[in-house]
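Chain order of the listed sequences is W and P. Residue numbers for the first sequence, in the working numbering: 1 to 189. Residue numbers for the second sequence, in the working numbering: 1 to 154.
Everything labelled a hint here was simulated from the structure, so no lab data went into it. Here the structure is a predicted model, which means the values were calculated and not measured. Careful, some of the hints might be misleading.
[Unchecked claim] Covered, in the sense of this in silico footprint (three residues per stretch, anywhere, with C-beta under 8 Å from a C-beta of chain W), are these stretches of chain P:
1) 52 to 63
2) 144 to 150
[Stated by the list, open to error] One-sided and incomplete, this derived list gives chain P residues near chain W with beta-carbon spacing under 8 Å:
3) Leu23
4) Ile25
5) Tyr30
6) Ile31
7) Leu44
8) Leu68
9) Glu71
10) Ala82
11) Tyr94
Ideal placement from N, C-alpha and C gives every residue a C-beta, glycine not left out.
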Amino acid sequence: MKHHSTIHRSAKQGVTLLEILIATMILAFAMIPIAGVLGYGHAGTRKDFRRVEAIHLAETAMNEALKLPYAQLVTGAHVSSLVAGSGTVALGTVTTSQNNSYDLSLQVTDEPISFEYQPVDLNDAAYASSTPTTWQFQAPVDTGAVFDGTNARRPIMLKRLNMVVRWSEQGGVATPEIQLLSMKANLER
Amino acid sequence: MRRQTHLRRGMAIVVVMMFSLALLILGSFYIRRFSQSTPINTRLVERVQADFLGYGVLQMALLKFKQLPSEFYFAYNAIVLAGRVITPDPWATYRGGRLQGAMTTPFAATYMTDFRVLGQNKFNSDAIQISVTVDCGGVRRVVNHTVNAVRVRN
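So here's chain P without its partners, still in its complex pose (with noise of 0.2 Å):
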């Protein structure tokens, strides 16, 4: 009897101690996992508006290369295949203007485009890959869409 008794003295308290420590740890986390979480939908919101904004510019971009082909050929050609050093770059030109900016509304982003000439002389044609970056608040996405074009003199 006395030896029972002995061994239960103070059990309680570590029992209770242990729920304490146990409950402890799981509001920890559960504050951890809640801080953690708003970041991510922040970066949510940010990504899903540099993703239409790049599409917008990459719009203007394409509309651009349908109605001046062949400004963006003489350029392209004379800048990057001849490497003509020409101030004002005629290159720079082309894809400056609307395709490369800023906005403060509704949202804060900066944007700008680039082209790439993936030439097939054999077939007279060409695939044009057309990259718009897009920074919305330190998120980074790059849009990229690939054109093909075929070659006519008018």
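Chain W on its own, in the form it takes in the complex (with noise of 0.2 Å):
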């Protein structure tokens, strides 16, 4: 009897010592998918991150050109830092602090421009300026303002923006860019 007691706990404590190795076997088959996943995520943050900071960038260098007169915006591509007598724009390859390395570009360009309206008659005979029920208006014209550049009366009064931000991703995948798009006018005139 005190015989098979023996063999009975002897087998028991067996028992355990299986169910640990099972149990880190297991643990280990669990730990493969869970660290490929959080690799993945790792990698998919640090993406993200890059394209938050490629807008910050992108951003920035825009509202730096959007500050400077529009006199001092030189129309055309630019792919180095815009220097201007108000300030400088960062342009070109710019490296941050986590050394991740972005291409901007800064194309200006003369915007033609012509703004719609209805003139009123003020040569017609019921005319009283301040009277706005006797005002005839005329049909809408888009050729008493117009400023595309043709000659010394019509200037052009307004550039356009386009910020464009390139950078690639480990590997040296290109991503798609980012495109930021605005207008300076010339209201000093």
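Build the complex from these two chains, which are given one at a time in their own frames, with help from the hints.
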């Protein structure tokens, strides 16, 4: 009877050891996909971070460009820093403290524009400047305020700013570029 | 001795199950956080694009007001203040043209411009509020700007 009890206890201790071995194997197998997911998630977070950083750089550069006076915004493609009398816009290859590299460029183009409005017939016999009910509005025209640069009386008064930021992910994979668009009017004239 | 053996029975598998469960919870939280981060960043691009486009349209509106102030007041006084109904509507014409529209390149967006006159007749001056509303990929942004105008007779 004593001999039987000893065998039974020894068998139970063996099962516990087996359980530990099986459990360790399960844990090891469970860790493989989890480690993969964590790695994938980390790569995704880094990718998102670079995207946010690219947006921030483009936003900063565009704000700097818009701060410049109209006359200092030189028309053309700017692929390196734009140095103007009132400040410098950091363009070209920009490397951040995280050692990420971005390529910023700015395209400044003249934007011809004409404004549409309906003139009031000031020669109308019933016209009274202080009585809006007497005003005779004419058909819409867009020839009275044209700024297309065709002559000195029609100068270009608006510039279009197109900021582009490009960068590459690890392994040299190019990402879709981000573009920002804005305009600057000559309000000093 | 027998009682101690009885207590230990099955404990290893329970501990491992708890570890596995904790790891699964950790993993699922991580995946959820990652899956939510990308759409937020997409919105961020559109928000910035809408803000700069709104500023650009605002520049056009300021230029138009600077070049055509009389036409602005004619249209505003007749339609908004006097309540006249005219076809075509000169107030809509003034706010239209290049001040509202849609674009597809370099990104898709729609925009519209509105003007409000906050008059100060006593001082013969106005505060004119220009509001540009931009919709860029479902992100709606409003850019407001107020200019002070002094009325002078030519």
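Structure versus earlier hints - violations, ascending order: 2, 4
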